[in-house]
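Visitor: As a plain string of letters, each chain reads:
There are 2 protein chains.
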Amino acid sequence: MMRKRPLKVALLGCGVVGSEVARIMTTHAADLAARIGAPVELAGVAVRRPSRVREGIDPALVTTDATALVKRGDIDVVVEVIGGIEPARTLITTAFEHGASVVSANKALLAQDGAALHALAQEQGRDLYYEAAVAGAIPLIRPLRESLAGDKVNRVLGIVNGTTNFILDKMDSTGAGYQEALDEATALGYAEADPTADVEGFDAAAKAAILAGIAFHTRVRLDDVYREGMIEVTAADFASAKAMGCTIKLLAICERAADGGSVTARVHPAMIPLSHPLASVRGAYNAVFVESDAAGQLMFYGPGAGGAPTASAVLGDLVAVCRNKLSGATGPGDSAYTQLPVSPMGEVVTRYHISLDVADKPGVLAQVATVFAEHGVSIDTVRQQGRQDGGGDASLVVVTHRASDASLSGTVEALRNLDTVRGVASIMRVEGE
Amino acid sequence: MMRKRPLKVALLGCGVVGSEVARIMTTHAADLAARIGAPVELAGVAVRRPSRVREGIDPALVTTDATALVKRGDIDVVVEVIGGIEPARTLITTAFEHGASVVSANKALLAQDGAALHALAQEQGRDLYYEAAVAGAIPLIRPLRESLAGDKVNRVLGIVNGTTNFILDKMDSTGAGYQEALDEATALGYAEADPTADVEGFDAAAKAAILAGIAFHTRVRLDDVYREGMIEVTAADFASAKAMGCTIKLLAICERAADGGSVTARVHPAMIPLSHPLASVRGAYNAVFVESDAAGQLMFYGPGAGGAPTASAVLGDLVAVCRNKLSGATGPGDSAYTQLPVSPMGEVVTRYHISLDVADKPGVLAQVATVFAEHGVSIDTVRQQGRQDGGGDASLVVVTHRASDASLSGTVEALRNLDTVRGVASIMRVEGE
Ligand SMILES: NC(=O)c1ccc[n+]([C@@H]2O[C@H](COP(=O)([O-])OP(=O)(O)OC[C@H]3O[C@@H](n4cnc5c(N)ncnc54)[C@H](OP(=O)(O)O)[C@@H]3O)[C@@H](O)[C@H]2O)c1
Ligand SMILES: NC(=O)c1ccc[n+]([C@@H]2O[C@H](COP(=O)([O-])OP(=O)(O)OC[C@H]3O[C@@H](n4cnc5c(N)ncnc54)[C@H](OP(=O)(O)O)[C@@H]3O)[C@@H](O)[C@H]2O)c1
Chain A
1 MMRKRPLKVA
11 LLGCGVVGSE
21 VARIMTTHAA
31 DLAARIGAPV
41 ELAGVAVRRP
51 SRVREGIDPA
61 LVTTDATALV
71 KRGDIDVVVE
81 VIGGIEPART
91 LITTAFEHGA
101 SVVSANKALL
111 AQDGAALHAL
121 AQEQGRDLYY
131 EAAVAGAIPL
141 IRPLRESLAG
151 DKVNRVLGIV
161 NGTTNFILDK
171 MDSTGAGYQE
181 ALDEATALGY
191 AEADPTADVE
201 GFDAAAKAAI
211 LAGIAFHTRV
221 RLDDVYREGM
231 IEVTAADFAS
241 AKAMGCTIKL
251 LAICERAADG
261 GSVTARVHPA
271 MIPLSHPLAS
281 VRGAYNAVFV
291 ESDAAGQLMF
301 YGPGAGGAPT
311 ASAVLGDLVA
321 VCRNKLSGAT
331 GPGDSAYTQL
341 PVSPMGEVVT
351 RYHISLDVAD
361 KPGVLAQVAT
371 VFAEHGVSID
381 TVRQQGRQDG
391 GGDASLVVVT
401 HRASDASLSG
411 TVEALRNLDT
421 VRGVASIMRV
431 EGE
Chain B
1 MMRKRPLKVA
11 LLGCGVVGSE
21 VARIMTTHAA
31 DLAARIGAPV
41 ELAGVAVRRP
51 SRVREGIDPA
61 LVTTDATALV
71 KRGDIDVVVE
81 VIGGIEPART
91 LITTAFEHGA
101 SVVSANKALL
111 AQDGAALHAL
121 AQEQGRDLYY
131 EAAVAGAIPL
141 IRPLRESLAG
151 DKVNRVLGIV
161 NGTTNFILDK
171 MDSTGAGYQE
181 ALDEATALGY
191 AEADPTADVE
201 GFDAAAKAAI
211 LAGIAFHTRV
221 RLDDVYREGM
231 IEVTAADFAS
241 AKAMGCTIKL
251 LAICERAADG
261 GSVTARVHPA
271 MIPLSHPLAS
281 VRGAYNAVFV
291 ESDAAGQLMF
301 YGPGAGGAPT
311 ASAVLGDLVA
321 VCRNKLSGAT
331 GPGDSAYTQL
341 PVSPMGEVVT
351 RYHISLDVAD
361 KPGVLAQVAT
371 VFAEHGVSID
381 TVRQQGRQDG
391 GGDASLVVVT
401 HRASDASLSG
411 TVEALRNLDT
421 VRGVASIMRV
431 EGE
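Line order of the protein sequences matches chains A and B. Residue numbers for the first sequence, in full-length UniProt numbering: 1 to 433. Residue numbers for the second sequence, in full-length UniProt numbering: 1 to 433.
Among the hints, a few may not be true.
Put simply, identical chains are the same to the list, so a pair is met inside one copy or across any two.
Stated by the list, open to error - Mimicking DSBU-like on lysine-lysine, the simulated pairs with C-alpha atoms at most 35 angstroms apart in a straight line are:
hint : residue 1 : residue 2
1    : K8        : K242
2    : K8        : K152
3    : K325      : K71
4    : K8        : K71
5    : K4        : K152
6    : K242      : K361
7    : K4        : K325
8    : K71       : K152
9    : K242      : K325
10   : K152      : K325
11   : K361      : K325
12   : K4        : K361
13   : K242      : K71
14   : K8        : K325
15   : K361      : K8
16   : K71       : K361
17   : K242      : K4
18   : K152      : K361
If you are wondering where the hints come from, they were derived from the structure by calculation, not from laboratory data.
The task is simple: from the sequences and hints, build the whole structure.
Guide: Listed below in structure tokens is the structure:
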């Protein structure tokens with residue numbers, strides 16, 4: 001069995017993730033061979049800066065000509081860990097056309113062009129695997145695609161960005177403000193110099209698009225995902241959350257409508273009860289809750305990023321793709337066999353926590369309650385508090401029952417027009433109940 | 001694509017799990033066909049009591065002759081949800097010999113005869129899948145076999161029996177004793193009339209054998225698993241655990257020795273810190289922690305039993321096996337390519353919590369500490385308390401640093417021989433740190 005010719009792997013990119021892929025391919029070569037049924041050989045490594053010292057990598061394998069590498073024709077599997085849209089996309093399509101299957105960690109590309117890439121892979125009879133693109137080391141794509149293939153997933157709710165979870169966890173545990181927590185995340189290497197993709201929710205939105213597509217077997221584009229970042233979350237919001245027995249997490253939420261006829265996907269900060277398993281996800285960890293008809297509630301937890309964890313997911317895919325190559329088969333391809341419409345945010349139904357600054361005089365609560373009622377938003381609890389500064393203002397915290405986002409927006413607009421409402425201090429969704 | 005001939009499925013057993021498998025095969029037929037690439041047809045249902053009314057099942061499909069069903073020759077996949085060793089084993093081998101692949105939920109059989117069944121499956125070119133055999137609905141076998149196939153797993157630590165977790169959780173949250181909590185579990189249907197397999201740890205031990213084998217790619221037999229049930233856990237133990245910031249769980253623990261040259265597998269109650277994710281696993285839920293070189297710490301959480309959740313896992317396997325059938329391939333088979341010795345319990349290294357009843361007089365602590373030192377067991381903390389009943393006795397609680405089970409046993413034996421030690425009230429391992 002071990003007499004088989006080695007399978008040839010081209011590594012595109014040798015940065016944080018790629019260098020770990022190369023390292024594990026070397027250190028675990030015998031194990032990988034046993035698991036695959038044939039040895040795997042690193043046939044070439046494409047990078048941008050060829051002169052950089054890369055520990056453990058034979059300099060003769062290093063090239064800047066990624067295109068020539070994927071066109072060689074003898075490559076069995078291309079591992080794409082460059083990131084970004086181009087040249088990654090063209091390299092992957094070229095790989096398919098030249099006989100290789102592809103393992104990628106590229107959430108941005110998969111969220112944008114997953115459908116076209118899957119179609120090409122299928123047309124050419126190749127595999128396209130990307131476990132590492134969502135929630136790093138956590139096996140999630142495969143369980144959704146395969147383990148739950150006989151079930152019906154109704155909801156995916158998760159923390160899929162480690163940087164923002166680190167920041168929110170810091171704010172929660174120390175009372176720090178956003179900027180202070182971000183600075184610490186940057187100093188510790190959890191946040192990049194430009195944290196926009198993380199804190200504005202772009203990274204999580206790409207993952208939500210991928211997860212929703214796989215979970216509901218339909219097409220969800222990046223533009224379909226409602227996105228709100230977490231830079232406006234304040235220490236005061238955490239205090240309000242605590243008062244309700246909650247904490248605040250940046251969540252990616254993909255839901256199938258109750259009638260099954262449409263889906264939604266969104267990313268935003270939300271309060272969740274401390275008793276919810278996602279509430280205790282600390283630091284840069286990720287965790288994803290999956291709710292399905294038969295299996296009920298499942299949770300997957302682990303490191304969502306980092307070189308070695310992400311490489312573990314890449315290698316799991318590499319083993320599967322190599323095994324498929326050897327048996328002449330391909331794994332499960334694109335499973336978007338339905339075309340469910342993606343509903344706009346206004347149709348999402350959830351609960352809300354609203355803090356209002358109001359005039360401290362009789363009748364205000366009745367006025368406010370009337371506005372909620374007129375918009376069909378039913379109130380769960382109200383807490384009214386005189387302000388400490390004695391300025392004649394008070395604060396009113398309203399927690400609603402489930403209502404549509406559109407109704408809530410209408411309510412808030414009407415509240416803003418009330419004379420007695422000085423301002424809407426914050427609006428936050430409440431999830432996980 | 002949908003013009004393919006239907007794949008024929010024989011269902012062996014139609015009890016708690018089987019009836020749910022049949023139900024989902026009917027209600028989700030279109031989805032299953034889309035995911036597999038061909039329709040699946042329920043070709044026969046073998047049971048013991050044919051006259052029983054079985055909702056949603058065509059009586060013409062029901063038979064008591066399971067052997068004839070698997071011998072028909074036109075069956076693509078046999079789903080074995082009878083349980084127990086025989087006739088399940090013979091039916092599975094007969095199925096392989098007559099052209100069928102097998103999906104099973106049978107932990108007892110897999111733990112005992114997994115190796116032989118895998119060998120036969122491979123010889124005959126069939127699949128043998130059994131996600132449902134460990135931790136019910138939780139995708140665990142597949143992530144271990146496939147997602148982590150490029151990584152090196154060092155430890156699997158989990159709650160794999162829902163009945164005992166329900167009982168322990170009850171004891172923890174209400175202060176109830178074992179019998180009272182068991183009675184409630186029985187009344188609510190979480191414990192069987194004869195709870196021996198659960199409370200004595202046999203069920204968890206079978207799962208530990210399966211998990212250790214898959215995680216470490218070696219053969220671990222049921223007899224290799226050290227087993228201690230949880231019927232001796234008392235309310236006093238929970239009080240001690242609380243005093244240390246811990247709770248008590250029945251854990252299945254599979255470890256690779258630090259030098260990589262051997263493995264251990266064991267099931268026993270243990271204290272774990274409240275901050276550990278496993279500590280907050282409530283009720284009948286299961287959760288399994290996996291530690292690997294590259295991925296780090298992963299956790300998988302969900303319902304560990306129940307008809308529908310278990311059926312979800314069976315159907316995920318069914319989809320995979322049907323897809324393999326269609327593409328003429330088989331999935332990853334037995335991966336026990338190493339032969340690592342399984343070390344006896346004496347070589348397991350962990351921490352211990354020991355409660356002693358001692359004479360309340362000077363010098364006792366020094367005597368006790370000397371015994372620990374003589375056996376090379378180093379003490380972390382000691383707590384000494386005069387007894388409330390003024391009987392001249394005191395209690396001494398010792399928590400050790402890591403030591404081998406053999407050293408600890410030696411220590412305890414020597415302590416029992418001390419005049420001043422009236423008795424060893426309890427010994428419990430401390431895990432998850
Ligand atoms: N880092 C994580 O924790 C993580 C987690 C999950 C997923 N991912 C995904 O994994 C992918 C890689 O991330 P990373 O963190 O490893 O990135 P990185 O550290 O920036 O590495 C990128 C690599 O690609 C090479 N490269 C850039 N442009 C190239 C080109 N035109 N041709 C050939 N090589 C080129 C770079 O070469 P030089 O070395 O010469 O600069 C570098 O080796 C991304 O899709 C990312 O989203 C990363
Ligand atoms: N229940 C769970 O939550 C759960 C969870 C994980 C794994 N599992 C595993 O799933 C398997 C099935 O469990 P279960 O709870 O569904 O058991 P169950 O409710 O007792 O059902 C057993 C089924 O097998 C049939 N049967 C028994 N002997 C037979 C024979 N000789 N020939 C043909 N049929 C026979 C029975 O027929 P009758 O209907 O006529 O009695 C019944 O339909 C077991 O291996 C178990 O360990 C169960």
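Visitor: Decide, hint by hint, whether the structure agrees.
Guide: Hints and how they fare:
no.: 1; hint: K8 / K242; verdict: neither (54 angstroms within a copy, 55 angstroms between copies)
no.: 2; hint: K8 / K152; verdict: between (38 angstroms within a copy, 22 angstroms between copies)
no.: 3; hint: K325 / K71; verdict: both (18 angstroms within a copy, 32 angstroms between copies)
no.: 4; hint: K8 / K71; verdict: within (13 angstroms within a copy, 43 angstroms between copies)
no.: 5; hint: K4 / K152; verdict: between (40 angstroms within a copy, 23 angstroms between copies)
no.: 6; hint: K242 / K361; verdict: within (27 angstroms within a copy, 49 angstroms between copies)
no.: 7; hint: K4 / K325; verdict: both (12 angstroms within a copy, 24 angstroms between copies)
no.: 8; hint: K71 / K152; verdict: between (40 angstroms within a copy, 32 angstroms between copies)
no.: 9; hint: K242 / K325; verdict: neither (53 angstroms within a copy, 53 angstroms between copies)
no.: 10; hint: K152 / K325; verdict: both (30 angstroms within a copy, 23 angstroms between copies)
no.: 11; hint: K361 / K325; verdict: neither (74 angstroms within a copy, 74 angstroms between copies)
no.: 12; hint: K4 / K361; verdict: neither (83 angstroms within a copy, 73 angstroms between copies)
no.: 13; hint: K242 / K71; verdict: neither (57 angstroms within a copy, 63 angstroms between copies)
no.: 14; hint: K8 / K325; verdict: both (11 angstroms within a copy, 27 angstroms between copies)
no.: 15; hint: K361 / K8; verdict: neither (76 angstroms within a copy, 73 angstroms between copies)
no.: 16; hint: K71 / K361; verdict: neither (75 angstroms within a copy, 83 angstroms between copies)
no.: 17; hint: K242 / K4; verdict: neither (60 angstroms within a copy, 57 angstroms between copies)
no.: 18; hint: K152 / K361; verdict: neither (52 angstroms within a copy, 66 angstroms between copies)
In the structure shown, a violation is registered for the earlier hints numbered 1, 9, 11, 12, 13, 15, 16, 17 and 18, in ascending order.
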